[in-house]
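Asks: Based on the provided sequences and hints, a complete structural model is requested.
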Amino acid sequence: MERLSEGSLILAGVVLVVFTTLALLISRNWRVTIIALLLQYGGVFILVSSVWPTPIALIKLVAGWISTIVLALAIGNTPSEINTTPESTVKLEFRGISIHLQPISRGLFRFLGAVMVLLVVLSVATRVADWVPGIAEGLSLGAFILVGLGLLHLGLTARPFRTIVSLLTILAGFEVLYAAVEVSTLVAGLLAMMNLGLALVGTYLIYPEISEVEA
Amino acid sequence: MNAPLIWILTPGILGITLLFFRHRRRLIVLMGMGVALILAGFAWYNPIGRGVTLGPLSIEITDTLTFLGRRFLIDAADAPTLVMIYLGVAFWFGGANIARAHSLFIPAGLGIAALLTAVLAVTPFLYAAILIEMVALVCTPLLFRPTGRGRGVLRFLSFQSLGMPFILFTGWILAGADLGPLSPQQITHAGLLLALGFAFLLGIFPFHTWIPMLAEEANPYIAAFVFFVLSLVLSLFGLGILERFSGLVSYTGIFTVLRLAGSLMAITGGIWAAFQRHVGRMMGYAVMIETGLSLLVLGAALESPGNESLLGLLLALVLPRGLGLGVMALALVTLSGEALDEPNFKEALRFRNIQGKGRRMPIAAGILVLALFSLAGFPMLAGFPVRLVIWEGLAANSLLSASASFLGSIGLFSGALRALTVLVMGPSEDPWQISEAPGSIGLLLLGGFSLLVIGIFPQWFLPAFVDMTNLFTILGR
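One line per chain: the protein sequences are Y and C, in this order. Quick note, the first sequence lines up with residues 40 to 254 if you use the working numbering. Quick note, the second sequence lines up with residues 510 to 986 if you use the working numbering.
What the hints contain is simulated information worked out from the structure, not anything from laboratory work. Ideal Cβ placement from N, Cα and C applies to all residues, glycine included. Accuracy of the hints is not assured; some may be wrong.
To be verified - In silico SDA-like cross-links for lysine to any residue, where the CA-CA straight-line distance does not exceed 20 angstroms:
1. C:Lys855 to C:Pro972
2. C:Lys855 to C:Arg609
3. C:Lys855 to Y:Ala197
4. C:Lys855 to C:Pro650
5. C:Lys855 to Y:Arg198
6. C:Lys855 to C:Leu955
Unchecked claim - These stretches of chain C come out as covered by chain Y in the derived footprint (C-beta under 8 angstroms, 3 or more residues):
7. 675–681
8. 795–804
9. 913–927
Replies: As structure tokens, this is what we get:
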């Protein structure tokens, strides 16, 4: 019964991670990105709490959420020219209300790319036990989904905000994998500091974009 | 009192303190240099394990600091490394004002030195990976120019962040060695992960793209500082891992991997440098050639353990590399002039924009070419004596490695000749004049003179670096 509930918990975490990383990859709206990142850390917390005591696993959740909020504050204060990519959106106007829509080909391309990465992850995740003995298959699956889709996201972007988000995703995947092999409060704390550091550096990199647009 | 408190916490805290005075540029340059020189001098005096007597006061300096259950260990044998790190940092701080470095350069530079010392001191070593990532995070604001797009900086940050997990996992696998002997499979895994981690961190082929990008878009002086300090400490860190886990050295594939990666780095760097039309990027390719050469030397040194002189030469490369990069970066900053603060700074160092600048800034142009020649290993300059012995040693081991390294140098030399031609090219009626600032002239001439002195009298400087082989009792045997 206990194993079943642990298995369901891991499955829930993996499902949450799949949907949120897909949302991060496909959406260009910063609000969707921020919400997906917040939920993604929820998935990471679920996965990590299957191998770590809940109080230590909470470090991942709290650090992730703080990093996301820091990024949200930075990107939320930027002009809309930075949050969207005008050259790649279609503007629709109706009775004074304008909506920016993405060309469907862009989203489709990213989705298909994500499907290919997910197929690779499915074949790789089962072999992780050779490298990390005793790791639950679901845990390695969740970790590799984060790393794989994070890498795809990183490869498709050149903007500071998106780069930092994809790096946070990759590191979250690594942290899930590493949690399976090492339970150390100090490592957890240092990795949390790194997440926060990345978010802070991200705000520094995002701000010059503002001045550039305002000028 | 303990050594980590002096060489890690003190510069770290002083770096944070100097943040509050960052707008008083002259003051913080003097203070930063002073602190770095004092720390280097103190390391030279080497009181670790002995103690210091100040009048009636007698302070014993122990070698260990325990923090949250982890140990930071700096013993007497590490003193030469500390001297090298803090003298290097003082050297770079010296030119900060003239190079118009970022106002955070001195405070962050002290922080970087402290973190990098911690990288070498922390036990177990897996924590070093996280400290290296912190160094990358501190470097990012320094390298990022608000007026630029920052793609190179983003790539630098991405690759440094991607390297960290590999080192952490290597640390986890190798930690098993304390409990019992590792299986061949575990050694293979650890070797692969370590190689990938260092490939990301050091920018080894094919993860080298951030090096020329960063050299093109960041302030050349800060970029050169980051290239120098990171490569120095990561090399020592890597040697430390190989020294401690000699099983990795016996993993025979590592020689071939190092030789292949080194050859590719040297050859690609040389080819790109030869056809390059941007002198900033040329510095990036010079760094690639240097990294390639270091990998080739390391591969050869590990392949023939009795040949400890090769390992010494790897450490001896540090001085000509640091001096060459520093002098070249200073010359690049001088040549770029006011364009350094403009959005299109990347364009300022293209051949079409520096054409004929040698007539208006002959000292900067001359020293730039001299530094490039030195990095290429031209006779009578700082890079030559070490390279000559390395080429001899490499040729005895593998003719292919020696040829790859030599080709890299030829490529860089060709690039330097093309730069020289472009710099002096111009209408014949253009008069020759010296228009560099007096401070720049002084530092550039001092740098050029040092390149010559080290090249002509290497015996005065290089033995101290070669002697550092004693740090590695197993590898250097």
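Asks: Verify the coverage statement for the stretch 675–681 of chain C against chain Y, using a C-beta to C-beta distance below 8 angstroms and requiring 3 or more qualifying residues.
Replies: It holds: at least three residues are needed, and the stretch 675–681 of chain C offers 3 whose Cβ sits within less than 8 angstroms of chain Y.
Asks: Straight-line Cα separation of Lys855 (chain C) and Arg198 (chain Y) no greater than 20 angstroms?
Replies: Given that 20 angstroms is the threshold and the Cα spacing comes to 18 angstroms, the pair holds.
Asks: Can you take a look at whether the stretch 795–804 of chain C is actually covered by chain Y? Rule is 3+ residues, C-beta closer than 8 angstroms.
Replies: violated (count 0)
Asks: Taking 8 angstroms as the C-beta cutoff, is the stated coverage of the stretch 913–927 of chain C by chain Y satisfied by three or more residues?
Replies: violated (count 0)
Asks: Holds or violated: Lys855 (chain C) with Ala197 (chain Y), Cα cutoff 20 angstroms?
Replies: 17 angstroms, holds
Asks: Measure nothing beyond the straight line between the CA atoms of Lys855 (chain C) and Pro650 (chain C); if it is 20 angstroms or shorter, mark the hint as holding.
Replies: 18 angstroms, holds
Asks: Regarding the pair Lys855 (chain C) and Leu955 (chain C), is the alpha-carbon distance no greater than 20 angstroms?
Replies: 27 angstroms, violated
Asks: Does the alpha-carbon distance linking Lys855 (chain C) and Pro972 (chain C) stay inside the 20 angstroms limit?
Replies: 39 angstroms, violated
Asks: Given the hint that Lys855 (chain C) pairs with Arg609 (chain C), test it: the Cα-Cα distance must not exceed 20 angstroms.
Replies: 16 angstroms, holds
The earlier numbered hints that this structure contradicts are 1, 6, 8, 9.
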